[in-house]
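Using the sequences and the hints given, assemble the complete structure.
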Amino acid sequence: MATDIASLDTPVLGRETVGKALTPGQLIWRRFLKHRMAVAGMISFTLLMLFIILGSFYISEKEANAVDLQIRLSAPSQEHWFGTDDTGRDIFSRIIHGGQISLFVGLTAVTLSVTLGTLIGGLAGYFGGWLDTILMRFTEAMLSIPQLFLLIVLGKFIGRNIDTITLFGKTVSGSVLIVICVIGLTSWMALARIVRANVLSLKEMDYVSVSTSLGSSKLRTFFKHLIPNTMGVIIVASTLGLAGAILNEAYVSFLGLGIQSPTASWGNMLTAAQTYVQKGSWWMWVSPSTFIILTILSVNLMGDGLRDAFDPRSNRHL
Amino acid sequence: MWSYIVRRIFQGLFTLLIITVLCFLLTRFSGDPLAQYATNPRMSAEDKEALRERLGLNDPLYVQYFKWLGLAVQGDLGQSFFAKQPVSEMIGTRLPNTLILMFTAEIITVSFALLLGIISAVKQYSLTDNIITTFSFIGFSVPIFFSALGLMLIFAVQFKEWGLPYLPTGAAVWDKSDPVEYIKNLILPVSALALVNTAGYSRFVRTSILEVLGQDYIRTARAKGLNGRTVLFKHALRNAALPLVTIVGLDIPFLLGGAIVTESVYSWPGMGRLFWEYAQRSDYPVVLGILLIISTAVVVLTIVTDVIYTFVDPRIKLG
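These protein sequences, in sequence, are chains A and B. Taken in order, the first sequence gives residues 1 to 318; the numbers are from our numbering. Taken in order, the second sequence gives residues 1 to 319; the numbers are from our numbering.
Think of the hints as simulated: they come from the structure by calculation, not from any bench. Check each hint, because a few of them may be wrong.
With a Cα cut of at most 27 Å, we get these calculated DSS-like pairs of lysine-lysine [unchecked claim]:
| # | chain 1 | residue 1 | chain 2 | residue 2 |
| --- | --- | --- | --- | --- |
| 1 | B | Lys123 | B | Lys224 |
| 2 | A | Lys279 | B | Lys160 |
| 3 | B | Lys234 | B | Lys123 |
| 4 | B | Lys176 | A | Lys279 |
| 5 | B | Lys48 | B | Lys67 |
| 6 | B | Lys84 | B | Lys67 |
| 7 | A | Lys279 | B | Lys184 |
| 8 | B | Lys224 | B | Lys234 |
| 9 | B | Lys84 | B | Lys48 |
| 10 | B | Lys84 | B | Lys176 |
| 11 | A | Lys34 | B | Lys123 |
| 12 | A | Lys224 | A | Lys203 |
Listed next, the stretches of chain B that the computed footprint assigns to chain A, with coverage defined by at least 3 CB atoms under 8 Å from CB atoms of chain A [to be verified]:
| # | segment |
| --- | --- |
| 13 | 128-140 |
| 14 | 262-276 |
| 15 | 287-298 |
Glycine included, every Cβ here is placed at the ideal spot set by N, Cα and C.
Encoded structure:
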C-alpha cells in the first residue's frame, strides 16, 4: 500500500512534473534560463566582475594611481594596453580599480534606494490615510526635480571634505560614501510608487485578512506577508536600478562632483577625457565608456530576463 | 472633467510647495554663498558680517524662505552673489538656448523612433527588426557623455585632421547672434541627445504597435479589405502613438538632466550649464531659481499630459 501512495506523489505526466513539484523560485530560474539574451547578460556581467576582482590581485591600487608625467597621454601599446591618461597613469589598471569602485557604489546605492523605496511605498500603501498622502506628495515632489539636478544639489549639500576611508584594504577618497548616499537618496521614488500600487491591491487579498484575524499585528502582516509578495517587483527594480546607479555615478563623477581623484571610477576617468578628446586622445574616452556600456547593457539584459521570468505574461511580443 | 482638472491643479500647487521647501533647504545649506570673499584681503571679518546681515543671511530660516517665496511668486528670483545680476535675467538669456536644444533633439528623436519602431514592428523578427532591436538595446545603455564625446571626436576632431569639413566643438568663442554659427554649433549636441534617446523610444513604439496589431479591431479592418498601409497608419498608429504622448511628457526631467551633460561637453550656453557652474559656486539664488523653473515645468507638463491623455483617449474614466 505504501508504495502505491508514493507512486501517486510522483506523476509521470510530462518531464516538468516528474519528481517534486518545483518551487516558485525554481520556476522563475527556469524561465530566466530560457531567455537567451538574459543569460548572455548574466555571463558577460560575471566575466566583468571576475575581470575587475581578479585583476586587482595582479595590479595593486598603488600602480593604478602611480603618476608618471614622462609618459602622459601615450596611445595604447604593449606596455600600456589601454594607453595612459593626462598624468601618465595606466588606464588598464585604473579600469580594474575604477570598476571596483563603480560597482561597489552601484550595489550599495541600490541597496539603499530599494530599502527606502520599499519602506516608503509599502507603508504608504498599507496604512493609507494621512501617512499615504504625505509620503506620496513627497515622492511626487522628489520625482518632479530632474534626478541629475537633485544629484548635484544633494552632493553639494552633503559634500564636505570627508577624510579618506579604508575599504576592503584599499584607501579610497571619502567622496565614495557621499556619492552612495546621494544616489541612494535620489532614486527610490519610482520603486516606492510601484510597491505602493502592489501593496494596495495585495492588502485586499484573503490571506491578508486571515493573517490579521488570526491576531497578527499590522507590522507583522506587513513584513511577513505583503513585502515577500512584492519581492518579484522589488528584485526586478533593483536589477534595473543597479544599471541606473552605475550610470548615475558615472554622470556625477563625469561632471566632477562625484568620486574624487586619485581614487579612480569609470565616471571620473572620463572627466579628464573630456578635455583631451578635443586634442585627439581617443583612448582616454574609449575604454571607460566601453566598460560602462558593457556593464549597463549586461545588467539591463538580466533585468529584462528577470522581469519576464517573474511575470511570464509581460512583454510576450519581445 | 473640470473638477478633475481643478483637483489636479491644486495637487500640483501642493507638490510645488513641498518642492520649494525641499530645494530651499538643500541649496541654502550647500556651502557658503560668500565663499568667494574668503580670500579677499580687503574684506575684514566685520565687513563680511555686515554683508551677511544686509543680504539677510542671518535671519531665521523661515524668514529667509518666506522672503524668497514671496518674491519668487512675483517673478523676482533674487540676485546672484557671484554675477551680481538678477537671477531671472540670467536664466532668461540662457533658457531659449536650452529650449532650442531640447525641442530640436526631441523632434528628431520622436520622428526617428516612430520610423524605426514602425519598420521593426511591421517586419517583426526579420533581419531588419533584429538589427534595429539590437541597436536600440545597446543605445538604451549608452550614457549621454559617450555619444557626446564620441561625436565630437569623430566629426570635430578627426574630420578636421583628415581635412574634411568639420563641426565646431563649442570650445572656441563663437558669435551667438549669427544664425549660421548657431546652427553649426547646435548640430553635434542635438545629434548626441537624439542618438541616445531614440533607442528607448523606438523600442517603446515597436512594443505598442505590436500590441495594437494583435487587437480584434485591426483584424476587422483587415477583413473589411483595407490595405495594409491604411490599417497601419489610420488604425494602428493612432492608438499606438497614444502612450508615446505620456512617455514624452514624463521624460522631460530626464531630458533636462541629459542637457546638463551635453551642454557642459559642448559648452552650450544653456540653463543646464548655468546650473552646474553656479552649483559649484554655492550661489544659491541662481541654483534655486533654476530648480524652481524646471520643477514647475515638470509639474505643469505632468498635469497637461494627463489632461491631454484623457481628451485623446475616451476610454479613460475619471475617478
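Hints and how they fare:
1. B:Lys123 with B:Lys224: Holds, because 22 Å separates the two Cα atoms, which is no more than 27 Å.
2. A:Lys279 with B:Lys160: holds (11 Å)
3. B:Lys234 with B:Lys123: Measuring from Cα to Cα gives roughly 18 Å; hence the hint holds.
4. B:Lys176 with A:Lys279: holds (24 Å)
5. B:Lys48 with B:Lys67: With a Cα-Cα distance of about 21 Å, the restraint between Lys48 (chain B) and Lys67 (chain B) holds, given a limit of 27 Å.
6. B:Lys84 with B:Lys67: holds (19 Å)
7. A:Lys279 with B:Lys184: holds (20 Å)
8. B:Lys224 with B:Lys234: holds (14 Å)
9. B:Lys84 with B:Lys48: holds (16 Å)
10. B:Lys84 with B:Lys176: holds (23 Å)
11. A:Lys34 with B:Lys123: holds (24 Å)
12. A:Lys224 with A:Lys203: Holds: Lys224 (chain A) and Lys203 (chain A) sit about 12 Å apart, inside 27 Å.
13. 128-140: holds (count 3)
14. 262-276: Three-residue rule met by the segment 262-276 of chain B, so holds; n is 4.
15. 287-298: Result for this restraint: holds, n = 6.
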